[in-house]
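Q: Take a look at the letters that make up each chain.
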Amino acid sequence: MTDVRQSIVDIINKVVKPSSPIGQDPDQSLLAGELDSLDYASVLMAVEDKFDVSLQDVEVEEINTINKLASHVARMTKTN
Amino acid sequence: MVRPPQLLVVDDLTASRALTVEDVVVGDAVEQRVVFDQEMRDAFRIVANDRAPVHDDERFSRERGFDQPILQGLCVATRFSRLIGMYLPGEHAILEKVDLKFRRPSFMGQEITFKVTVSRVLRPMRVVRVDLLAVSDLGEQLSGEAQCLMR
Numbered sequence: 084m085t086d087v088r089q090s091i092v093d094i095i096n097k098v099v100k101p102s103s104p105i106g107q108d109p110d111q112s113l114l115a116g117e118l119d120s121l122d123y124a125s126v127l128m129a130v131e132d133k134f135d136v137s138l139q140d141v142e143v144e145e146i147n148t149i150n151k152l153a154s155h156v157a158r159m160t161k162t163n
Numbered sequence: 088m089v090r091p092p093q094l095l096v097v098d099d100l101t102a103s104r105a106l107t108v109e110d111v112v113v114g115d116a117v118e119q120r121v122v123f124d125q126e127m128r129d130a131f132r133i134v135a136n137d138r139a140p141v142h143d144d145e146r147f148s149r150e151r152g153f154d155q156p157i158l159q160g161l162c163v164a165t166r167f168s169r170l171i172g173m174y175l176p177g178e179h180a181i182l183e184k185v186d187l188k189f190r191r192p193s194f195m196g197q198e199i200t201f202k203v204t205v206s207r208v209l210r211p212m213r214v215v216r217v218d219l220l221a222v223s224d225l226g227e228q229l230s231g232e233a234q235c236l237m238r
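Keeping their order, the protein sequence lines are chains V and C. Sequence positions in the first sequence follow the working numbering and run 84 to 163. Sequence positions in the second sequence follow the working numbering and run 88 to 238.
Some clues are possibly wrong.
Said to hold, decoys possible - Reference excerpt, derived from the structure (chain C facing chain V, CB under 7 Å, subset only):
id	residue
1	113
2	116
3	181
4	183
5	184
6	188
7	209
Calculated from the structure, these hints are not laboratory results. The C-beta atom is built at its ideal place from N, Cα and C for all residues, glycine as well.
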């Protein structure tokens, strides 16, 4: 789970290239900070590619923080 | 089960579609053949007010190696607007991002086939990404990618 979370943080910072690194508060809504919806969509697509999972059937609220997204991806990779 | 992708060929009279994000499948495509004429070029000139001599001046264009004035690149790209906004994803789509590469100059009278193909769907965000391609008998005129939000 820690590895998944760190990978997601890395993806976010690679995709968004924020002025200061994102991921300090893994429970903060990803859309509340420097990410806009365009960035967020790019992050989710990159997460799908990285972990070979589908995020098609989840609600945004289930994956809108780093921790929630990491938990979801960790669950999916276990069941794959 | 996901249905197989479909290709829709349209013309200027084809009615638009109001798809939802659930209706869209990766690989779905829409295409239209277009020949740019004087009226279309003039309409774009009014909107863009781009009167650079390479688009207007025969001699200037020839001196730069073109047989005739070249169309404004964004004039050519405007035809993607119709395909995206009316057919794929269609009436519910709001354009969020466009990335274009202009591969070769386009001219009046040239037949160009525009194709929009769904490359990615992200249902939780209601986001659809599409590949953009415009091809003439010379090859790729322009290519790129766009992202739409389904409202």
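Q: Each hint should be assessed against the structure and marked as holding or not.
A: Hints versus structure:
Nearest Cβ of chain V to the Cβ of residue 113(C): about 11 Å, over the 7 Å cut. The hint is violated. A hinted interface residue such as residue 116(C) counts as satisfied when its beta carbon comes closer than 7 Å to some beta carbon of chain V; here the least separation is about 20 Å, so the hint is violated. Residue-level restraint check for residue 181(C) is violated (minimum Cβ-Cβ distance to chain V is 11 Å; threshold 7 Å). This hint holds: residue 183(C) has a C-beta 6 Å from the nearest C-beta of chain V, less than the 7 Å allowed.
Residue-level restraint check for residue 184(C) holds (minimum Cβ-Cβ distance to chain V is 6 Å; threshold 7 Å). Hint on residue 188(C) is violated. Least Cβ distance to chain V is approximately 19 Å, over the 7 Å limit. Hint status for residue 209(C) relative to chain V: holds, with the closest Cβ pair at about 6 Å, below 7 Å.
Comparing the model with each earlier hint shows violations of hints 1, 2, 3 and 6; every other hint is respected.
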